[in-house]
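Trainee: Place chains B and C on chain A using the hints.
Okay, here's what each chain looks like letter by letter:
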Amino acid sequence: MAELAVHSGGRRIAARKFDLRRLHGFGTIAGACLVILYAPILILFAFSFNSSRSVNVWTGFSTEWYPKALLNDKIWGAALNSMQIAIFATICSTIIATAAALATTRTKPWRGMIASYMTINLPLMVPEIVTAIATLSFFGIIAGILGTRLGIIQIMLAHTAFCIPFAYMPIRARLEDMDLTLEQAAADLYATPWQTFRRVTLPLLMPGVIAGATLAFVASFDDFTITSMLVGPGETTLPIYVWTSIRRGISPEINAMSTILLVISILLVSLSFLIGRKKY
Amino acid sequence: MLRHALCMTAAAALLFASSAAYADGELHLYNWGDYTNPKLIEKFEQQYNVTVTLDDFDSNDTLLAKVRAGNTGYDVVFPSDYAVKILLDEGFLAKTEPNKMENFKNVDPPWVDVYWDPGRNYSVPWQWGTTNFAVDTAVYSGDIDTLAILFDPPPELDGKINMQPEIVEVIHAGLRYLGKPLCNSNPEDLKAVNDLLVGAKPHWRTIEYAMIETLVAGDVAASHGWNGAAMRARLQKPTIKYAYPKEGVAGWMDNAVVLADAPNMENAKLWQNFLMDPENAALISDFAKYANGIMGSEKFLPQEFATAPEIMMPANAPAPTFQPPCPQEVTEKYNQIWTNLLK
Amino acid sequence: MAEAVIAGSVPTPRGTVEQRVSAAQAAAERVSRRTRWALIAPALIVIGILGIAPLIIILIYSFLKPGAYGGVIPEFSTNAYVQFLFEKDLFDESYHFTTAHFQIYARSLGLAAFTTIGSLILGFPTAYFMATRPAHQRNFWLFLITLPFWSNLLIRTFAMFVLMREEGIVNNSLLYLSILEEPIRIMYTDTAIGIALLYSFLPFMVLPIYASLEKLDFRYVEAAYDLYATRWHVLWRIIVPLSKPGIVAGCLLVFIPALGAYVTPLLVGGGKSLMIGNLIALQFAGSRNWPFGSAASLILMALVMIALYVYVRYGTRKSGFAHG
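Chains A, B and C supply the protein sequences, listed in that same order. Read in order, the letters of the first sequence are residues 64 to 343 in our numbering. Read in order, the letters of the second sequence are residues 2 to 344 in our numbering. Read in order, the letters of the third sequence are residues 1060 to 1383 in our numbering.
Keep in mind that a hint or two might mislead.
[Stated by the list, open to error] Cβ-to-Cβ under 8 Å is the rule here; a few derived chain A residues that face chain C:
no.	residue
1	Arg-84
2	Thr-167
3	Ile-227
4	Asp-285
5	Ser-321
6	Ile-329
[Claimed, not checked] Cross-link-like lysine-lysine pairs, in silico, DSBU-like; alpha carbons within 35 Å at most:
no.	chain 1	residue 1	chain 2	residue 2
7	B	Lys-202	C	Lys-1147
8	C	Lys-1124	B	Lys-86
9	B	Lys-300	A	Lys-137
10	B	Lys-40	A	Lys-131
11	A	Lys-171	C	Lys-1274
12	B	Lys-86	A	Lys-137
13	C	Lys-1147	B	Lys-181
Treat the hints as calculated values from the structure; they're not laboratory data. We put the CB at the ideal spot given by N, CA and C, even for glycine.
Chain A on its own, in the form it takes in the complex (with noise of 0.2 Å):
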């Protein structure tokens, strides 16, 4: 809270607390994009008690979802395909978006750099469908030639190609605007252009990075189209799961178990915050 004071010919007027942060409504708005967020979790939750097979009609309190969820190994080798396979694909995207957006971000026009841009975005501009059917022809072609499957790598890479977009675009709103002089400071002082990224630039950047890494975390992880049609023996992500469920009969077993992921990963997030927050 600034205190403005404000003066008038000399005069000293009484100074009036004043945010010059706050806007009025937005605190409301961010609240009700946190509902409607938060909404659909709840309900989830909910009905992960629910007496009978429905996910849609209350009929009752029971705890037997839980235990039926546990037990499920399918279920939970989905939920570990998947999660393997974001977090290989959220971390090779960041670091490659993030030289990326190093190098088309804040310097003078060099040739290629469109082109490169293009590239880059690539994967936004398709179809997720379209991908899908060409990737799978893709590493069709490539087990014909090595003769063999290449297994949960093949969905791996195809998601870390389709996650450098969404990593990218945050990290170079982060980088554009950033202030050069920093750096360049730095350069004065004799850093190394190494040194120079890791004290002054990339702790500066960490909150696009962050941001970006979330977002290739959610691309992954919530990807149906693509991940179905290249997924092999025993490589079945939840999504798939969830879908094809639907067709026969989804049931609140499933919610049970999102809701124990969602636990797990409070509990992951928490974890990791604390240990991050003891190095001050």
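Mentor: Just chains B and C now, kept in the frame of chain A:
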């Protein structure tokens, strides 16, 4: 942050690498979702000491697209009748000759010489059923054994009907209603069915697969769909009744076939033989509630299954027709009608 | 200035000062050019192999004939593109112009626009709010916004479905409070698709804007207030322009995938009308017309590329450095 991510990856990798492996190899199945009894798989695993994996697909078209790309890694897949014919004609199947296997004698004779695999050189019956529709009799209690329910519905059902998003099924249902031949390329018949569908569309609510949920929840009161799904819906909501329209009944059979590039050919053949045993066939049917093609399995199934209206067709219902895939010109015309319907 | 000219031409053992400076600059240029290419190479390689190669396959497919039961036959034909605009009459085999595909594309464009604008209206204030929290709280808000997305989208969309049904909670409470007399029928309409898409793509709008706003220098804002600007002025003249990169990034990340959305319309749309994604998927599935599916996707991509190109050439800020 990077450190944490690396740790998590390592943990995930460790968790993943922990599955018990049986001695005599593996078997990779690719079937419709929620369609295979886990007990069946367990029994096979114990009996032959094989690790079985099961993956799901949601339609014959996905299966065809996958197999066509090659090197799927699957051994046994479960296409419907017309899809078996397509896979066979295009050379994707292994000639495993179930008709020479030990359990072949149990196959019900009507299911031996089928249009998609005469004499059963490639495929083994899995489950079969009909595709008609189910109606919630609490909403409409009149005669439901006619396709007029879907195409010219009574006022109680108006706006509460679901159709399956299968181009051929819907168009053929329309053709049956009009009394015209199936796989039709006659322009007048096509025009008639086109007008019928366009006229009926405002009376429909949705065109999707989710039949059980929506019927039970009451989002729709009549739904085009399969008999087993109708039975599962009825078990949750007793007023749901499966119809056998007098204009004609669509039949289908899902089969177990072995892919030509299957990595575990011997285990795949063991699986095909395994499915033809009556006790195992009963396990198959008990799960998804469809009839199977193996004699003697009734002994192992609950009494009410055999007499259920979805399984036991009424005497006056027309015999189900199993329709081979239509030639390309016909498919093109059908596509045109469908796109215009859904634009 | 005279001194500079003289100084520049002062000879030193390795050339004039000027020459040495420009030589150093040239060396720096080379190094930075190499670094640039090294930095961007991984992205180009990965996407080159996994993005461009498959696309070339699709391009080839679009000029072939469809196989009888799916797949393609290696025979050249432009039929796929013709089919986009013309269809054969059922009776006399003559071609006539059809708007069927245009209608489908128009519907998708409308829904994607709705989703983008909606998520902007909701997302910008949320991102702003998050960015103006005290520094230690920000991570918490980030966490709060992204947490819902740790559970699977399909299930959450299904949960939305539960909310929006006639007998869903929203309708029930509105009926109970006598605000409504009859339940609102949203389910299975285009509106439902729009809402579900908005829900899926919200974080893709919030996070880039947040990343951009978070480094906003509020001294600009303070200066504006000092100059008697109203809050409205400050918002439109200062904050929004300064966060433009984030806004544009967010809009692109929402609009383009929303245009080609496939799963969400399938889940909540009821299947009675097609969006582009569903049309294309249909060609690879039941319709068994891979060439047409490929052609339709390339047409979609062409539209998007034009928009993107226009942005890159004309929409980036002229600040002495151009951004690629």
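Trainee: So, for every hint listed, does it hold in this structure?
Mentor: Structure-based check of all given hints:
1. Arg-84: holds (4 Å)
2. Thr-167: holds (5 Å)
3. Ile-227: holds (6 Å)
4. Asp-285: holds (4 Å)
5. Ser-321: holds (4 Å)
6. Ile-329: holds (7 Å)
7. B:Lys-202 / C:Lys-1147: holds (22 Å)
8. C:Lys-1124 / B:Lys-86: Holds, at about 21 Å.
9. B:Lys-300 / A:Lys-137: Holds, at about 31 Å.
10. B:Lys-40 / A:Lys-131: holds (16 Å)
11. A:Lys-171 / C:Lys-1274: holds (23 Å)
12. B:Lys-86 / A:Lys-137: Answer holds: B:Lys-86 to A:Lys-137 is near 31 Å, not above 35 Å.
13. C:Lys-1147 / B:Lys-181: Holds: C:Lys-1147 and B:Lys-181 sit about 22 Å apart, inside 35 Å.
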